[in-house]
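So the chains spell out like this:
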Amino acid sequence: MSAGHAHALFVHGHSRVHRLPAQVKLVALVVFVVAVVATPREMVWAFAVDAALVSAAAAAAHLGPRFVAGRMLIGAPFLAGALLLPVVGGGARVVVGGLWLSLDGLWGAWAVIAKGTLGLAASIVLTATTPVPDLLAGLSRLRAPALVTAIAGFMVRYLEVIAGELHRTRVAMAARGYEPRWAWQGSALATSAGALFIRSHERGERVYDAMVSRGYQGRLPQLDAPVVTSSDWVHALALPLCATVAAVVAVIA
Amino acid sequence: MHIPDGYINLATSAGAGVTAAGGVGAILRRVGRTLNERQIPVAGLAAAFVFAVQLLNFPIAAGTSGHLLGGALVAILLGPWVGVIVLSVVVLLQALLFADGGVSALGLNVLNMGLIAVLVAWLVFRAVTAVLPKTAASVVSAAAVAAWASVVAASGGFVAEYALGGAGRVPVSTVFGAMVGVHALIGIGEGLITASVLAAVLAVRPDLVHGARVLGVRRAVAVPLDRRAVTAFVLAGLTSALLLVVVVAPRASSAPDALERIAAAEGNSGPGQTSLAAGSPLAHYGVAGVADAGVGTIVAGVIGLVATFGAGGAVLLVSSRRAARTARSEPTLP
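One line per chain: the protein sequences are Z and W, in this order.
Be aware that the first sequence starts at 1, since it is given in my numbering, and climbs by one per residue.
Be aware that the second sequence starts at 1001, since it is given in my numbering, and climbs by one per residue.
Bear in mind the hints are in silico, worked out from the structure with no lab data behind them.
Backbone N, C-alpha and C define an ideal beta-carbon position, used for all residues, glycine too.
Hints may be right or wrong, so weigh each one.
To be verified - Stretch-level coverage of chain W by chain Z, calculated; a stretch enters the list once three of its residues show a Cβ under 8 Å from a Cβ in chain Z:
hint, segment
1, 1026 to 1036
2, 1042 to 1050
3, 1114 to 1126
4, 1161 to 1172
My request is simple: use the sequences and hints to build the entire structure.
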């Protein structure tokens, strides 16, 4: 397994954010997102504070605004559904640009887009500064069930292998002049997915045998567990705590 | 189907998180006793498989997602308990690594796509196979029905969560018509693909299919999807989608109305009295709901169905063209 494997999301760097232990960053992400979601939608200033906090984290991690914006486009289609809310929402209606829109729906759409975008940006900062194996190790240090982290570990290790096999199947199909595009051609893709499952299963068995032959006894060794200092916690939690304060002030106000 | 942050309020998300953690935790304890360690790499590879298949846009499923959810597939291939864990791991990593579904909505997404989809699929699969002969063809047809039901049930989970704490106060009947109606259509694609994948696996390695093992179906028989069966399944799916939008959706509004009446009678939550209730679609719901419950909902639902079908179809057309083009232009050696 080469370094760099399955790390397409990771941006190499040596910033303070990169060096923070993964479990500390995970806790920070969850606290931040919860604070953002708890903020009442009418308190626009609180979202501005949150946006400034995420930007500060991205800047501290040496991630450019263009990089973060580019990554965020992945999440855009999921937020697009929110645009329907003003059209189908209930309650009082207002005329905006000649459209008869629901006031509640407009606020709802704003809430989903603002909160969704902030959550997206925060998790982009996490994945861009944390290698995936560290993230899984961080999850297990946060006492995630061993079975879950073990399965997740195999999943991320073999994700690119399996996706690569699927891609090669499609290339092989295209090379033979078959490019399924219409509904009635779906069964060809489904059949190759079936073959992919059998290959995945057999690969899983081979992987297990290979591990046993190398001395695997039901548990992967954890190497170089990083020492977590209280300064790590202070640094990582500073931002989410600011967001929490903003959320609390917004709720009270 | 992946809910982003901010769609559902924090109280509902937290409640769903506790429910999901409790359910998955109970299953983990149950599976931990029976799962041998050889199965862990296999489950991990199955999770990678589900992830890869979700990346694949099947040209058959027109809709907001446009890909397989895989709840029924893992339930029947791996069994319901391992299936729940595998799909929950997939949803967890999608949220953490790919920002697909919000971090605060993780409990909601695990509940809908991990627990509800997989368990409903397994229950329907067992119910359908109980009345059919124990053959490979029965496994495949039951899988199609189970996959349809799992997608509809997962979207039903979303509607319930939206009713409890959704943003934008859309009448519940409209949300029901749009989500459940559209997913009754998406479910047709899910059902056909699940059936085709299972037929392919059954033809080569029937021993790998948990659902077939449970039923004692061992003989490897290639079961291509029969054209008449496909037509019947599609027609049944379309009919139920229309029924859900036209008949059930307008009635869905009666439940929150009753809830609001109870709340008002007890006098602890008048419309818009507390900040907690003000953000929920239940507050003030009666007025908007009753006024346009009948025709409005049906029209909205049907417009939703048509719009989703059109938009989904367009996206799929473009994406499959692009996929075909990149497949052509990349000279990767197999």
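Hint-by-hint comparison with the structure:
Only residues whose beta carbon comes within less than 8 Å of a beta carbon in chain Z count, and the segment 1026 to 1036 of chain W has 4; three or more means the coverage holds. Proximity of the segment 1042 to 1050 of chain W to chain Z, defined as three or more residues with a beta carbon under 8 Å from a beta carbon of that chain, is established by the 8 residues found. Judged by the Cβ-Cβ criterion of 8 Å, the segment 1114 to 1126 of chain W is not covered by chain Z as claimed, because only 0 of its residues qualify and three are needed. With 6 residues having a beta carbon nearer than 8 Å to a beta carbon of chain Z, the segment 1161 to 1172 of chain W meets the requirement of three or more and the stated coverage holds.
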